[in-house]
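Top line first, the protein sequences correspond to chains X, R and A.
Counting the first sequence from 1 gives a position; our numbering is that position plus 2.
Counting the second sequence from 1 gives a position; our numbering is that position plus 3.
Counting the third sequence from 1 gives a position; our numbering is that position plus 210.
Everything labelled a hint here was simulated from the structure, so no lab data went into it.
Everything numeric in this text was worked out from a predicted model, so none of it was measured.
We put the CB at the ideal spot given by N, CA and C, even for glycine.
Worth double-checking, as some hints may not be accurate.
Claimed, not checked - Per the computed footprint, the stretches of chain X lying under chain R, defined by three or more beta-carbons under 8 Å from a beta-carbon of chain R, are: (1) 29-35; (2) 101-108; (3) 245-252; (4) 263-276.
To be verified - Within a straight-line C-alpha distance of at most 30 Å, the following computed BS3-like cross-link-like pairs (lysine-lysine) qualify: (5) K264(X) with K422(R); (6) K490(R) with K264(X); (7) K616(R) with K571(R); (8) K422(R) with K346(A).
As the list claims (entries may be wrong) - Partial list, derived from the structure: chain A residues whose beta carbon lies under 7 Å from chain R: (9) E274; (10) I279; (11) N307; (12) V308.
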Amino acid sequence: MISIVWAVIFILLGPVAGGIIAGIDRKVTARMQGRFGPPLLQPFYDVGKLFEKEHIVVNETQIFYVVCYFIFIVFTGGLFFAGADLLLVIFALTLAQIFLVLGAYSSDSPYSHIGAERELLQIIAYEPMVILAAVGMYVVTGSFTVSDILAFPRPVILLIPGLFLGFLYVLTIKLRKSPFDISTSHHAHQEIVKGVTTEFSGPSLGLIEITHWYETVFLLGFVYLFFAWNPVVSAVAVIVVYLLEILIDNTNARVKWQLALKSSWAVAAIVGLVNLAALYYLRGA
Amino acid sequence: MQIVQLLVFLILFPLITAFFMFAVRKNGERKLIVSLSALAIGGVLVYLLVTAFDKGAVYFGVGSESVGMVMFAIEMAVAVFIFYLGIRYRNYLVVGLITLQSLAMIWYEAVYARGIEVQYSLFVDQFSLIMALIIGIIGSLICVYALGYMKHFHEHHVEIPDRRNWFFFVLFVFLSAMFGLVFANNIVWVYFFWEITTLCSFLLIGYTKTEEATANAFTALWMNLLGGIAFSGAILYLATLGGGIMGLDQLLASGKVIALLPAVLIGFAGLTKAAQLPFSSWLVGAMVAPTPVSALLHSSTMVKAGVYIIVRLAPIFQGTPSGYALAFIGAFTFLIASGIAISRSNAKQVLAYSTIANLGLVVACAGIGTYEAIWAAILLIIFHAISKSLLFMAVGTVEHRISSRDIENMRGLITCMPKITAMMVIGIAGMFLAPFGMLISKWVAIRAFIDAPLGFIFVIILAFGSAITVFFWAKWMGKIITVVPDKVHLEGKVDPNEWIALVSLAGLTVITCFIFPLISSMLLEPFLLANYGVSAQLSQDNITIMILMLFLLVVLPLSVLLPHHRHKHVPAYMGGRTTTPDMHFSGSLGMQRQMELSNYYLDSWFGEAKLRKIGIGLCTAILAVMFLAVALRGVVL
Amino acid sequence: MAYLKKSPWIIHYDASSCNGCDIEILACLTPMYDVERFGIINTGNPKHADIFVVTGTVNEQNREIILNIYNQIPDPKAVVAVGICATSAGVFRECYNVAGGVDMVIPVDVYVPGCAARPESIIDGIVTALGIIEEKRRMMDLPAGGKPAAADSPGGGT
């Protein structure tokens, strides 16, 4: 059952929510570091400023890729909140990510290039885990559709705790938080300047920022799905998870891609095998 | 016209055309014959589709004994030919294998052939129709492409003798054999056409007659002959202990006790033909052949014959330990071949390993054998054939222009060959991106695996393998869309025949994605219903969403046609260093340096040598398990 | 609403500084002075930056680099020369290997003298630069309030 209403709400309010979450992120981070930090609405000021800047490019195709990235992330989130098939949502997300990667590749720039390669490594690091999380939800609820999973009367998390923990592990990658922010991040200088977003400026960069907000909201929605049986518990879980991510971000240094990739795959394989085997055994028994 | 006449036409017409192609020496005449035959085959196929699509499986008896004797005569001639070549090139493995195989078939022919009566030799059902469409449409397009490609090939490789008439002759014989393979119900006929395709592959790989080509041709030959021996073993078994069953329909109906051993043997033959681990090296080696060969035989049709026969026999494998072993061979081939593809920078090798991987996925689905899995398998076959042949042909065209098939040399292709790049992007996207066909098939495969017993292990393998494919496809795509200014436009010199083939296949890639719900409901679902009693379906919601995504992807690129003003261009950031447009910068000590960007190949993780060893070891062990399981079944049962 | 004033991103370049001024600039980011309160982020990428903060003198090696970075910063932009070396080459003015202050190469908007310049002065300088940038933006005739000027169609730029 596709609910267009929720998709529209996501499209309209998603960036607002995402921006506020980003603002909270920076404020909490600052407090953790003993500073005051920027005002809560700072991310909106940032994006507003970016749209006021001159739009310079390295080549004209960059803009096309960024716009496609934006459109397809919004599409992904819209699909998700409308209650569509979870696997399809995940594949649409991959499609969107590829556009960002292509945008980085299109400029013949060393920092962008390495950022793009690392972004691809990130994608292949988290993709198995995300697919397995969706598979876990299917095995528990009997359906891939988000609306069915939401309507499931029992807590999904209790049957797939392993997959949830694995998902949290790769969530750090998706949210671009240390220790896994290997391709680009909001922090200070990286060894590859800004990685994927190096060659974007002005409105393009602003669009990427807004897209990241949409993505954050979508990802937190995915977390919500694990606990969906009780909205209050879910909301609390989402808040706790995000605060946990901020904590992890501030207490860890960035790791090399080899460690990020190996550990993500190891986690995905182990929790996948153990959790799914247990589920199959329970289902068969 | 009656359906059986159409089938016979499709089998014999390419054969007759082959002889004409052999006689013709001038390119103009060649072009005429190829175009006419492409139209004829295409027309007949459409007519066949329209007449037969709703009839289910239809069987025809066609003069078994006389045809059988002609086939046997040809087989023996071929055997003598291979024997002679084996002696001449001192490849005694081949000599031994062909002797063994011939002895088996002579024994069969002498002792049992009289007593076996196959009621129906030919048949057609929805799956055969799909295979025939692939062979006919893609095959014809590739033959058209070959006209332009081979012309350029011989202009630039004067040291290689121009045997184009022989080349096209073998191509058309191959097409004829493929049609025969998918329309044959008599297992001895399937075996005959199977061996003809082995021969064609051998001849075409060795076309250039260089030392490397000859060596690789013989490798392909002995591996496929191993399969052929297994196939003849199956025939002998059926003739002796199998009660004389020699029709596919009878085999599928006869129940697992009798049918499992011959199915496993024929399945083994399918594995060798589809270059599954441990038999993958022949396909990688076959990449020395000219591109039309790689596109036709080694990605879209011949190797599909291998998986075709496994999918045909899937009901026999379903639920058995041997079936699971087969599925594991496919799954691990998928995972390991995808991994190796990451470390390859030779474009044709990447395509080869990707082909092996996707065939592995089809085999995995066939081994699981539930109706959903077969649905996924056939969808994979269709979409892979289209996208992969497009990619091979595009790579062939690019290779002729830039004189290299290394992906690292394709940097900036979008500036020097924009239209070809666009088609390559469509091909690559068709291999791994939603909403294109391959991804849809993988999606269906995930659902199929989950619902099967022990399926979660396959889902995990598929999840990892799928992620790995994203990496090597995306980095290739990134390489070719890099905008490098001031490159010379090379597209003007592309032959019109190559354009026709490339554009048609690119269009086909997109169109099949739009119409696949139609293909599914009109051909696949009735097939599944007839053979499994249940049918699989995609929900209407999902279909709508996919069509929407596809629509977006088609419409959005058209925005480049909108008028827009040029933005201010600045160079890429190089740490403040001033750079020329072709990325020269003044480095330390005032020296001019050149920036070079290379993709990640992760050789220490996904190196060919290491992964191949693991794959060969693992899959050989599983093969042993597969045979053991069926042998013990006979004992234990 | 003018967003540039609320979110100035800086790119910091050490021309040939002794690092004294650089350390003071980085000190501004620490909890003691915490310039992130004003929305200031130190991006390392000129394409993302608004304010170009330069320390140190200009010599033959960094002349082109300063120009290169300056050209890659999208308008409107401001340049802040931090420290007396960036302002006028300071005590190294007569040296054979020094060309002069940063204004030898690019137009400077704010000079922050000092050796080393104190964080308070640096922050003061950047805040002054904010006002200058705002002036420049108005003169560029951009819509204030950051309406997403046709950023949804490829090519429709501001």
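Now for the hints, and whether the structure bears them out:
no., hint, in the structure
1, 29-35, "violated (count 0)"
2, 101-108, "holds (count 5)"
3, 245-252, "violated (count 0)"
4, 263-276, "holds (count 5)"
5, K264(X) with K422(R), "violated, 38 Å"
6, K490(R) with K264(X), "violated, 40 Å"
7, K616(R) with K571(R), "violated, 53 Å"
8, K422(R) with K346(A), "violated, 43 Å"
9, E274, "holds, 5 Å"
10, I279, "holds, 5 Å"
11, N307, "violated, 15 Å"
12, V308, "violated, 19 Å"
Comparing the model with each numbered hint stated earlier shows that hints 1, 3, 5, 6, 7, 8, 11 and 12 do not hold.
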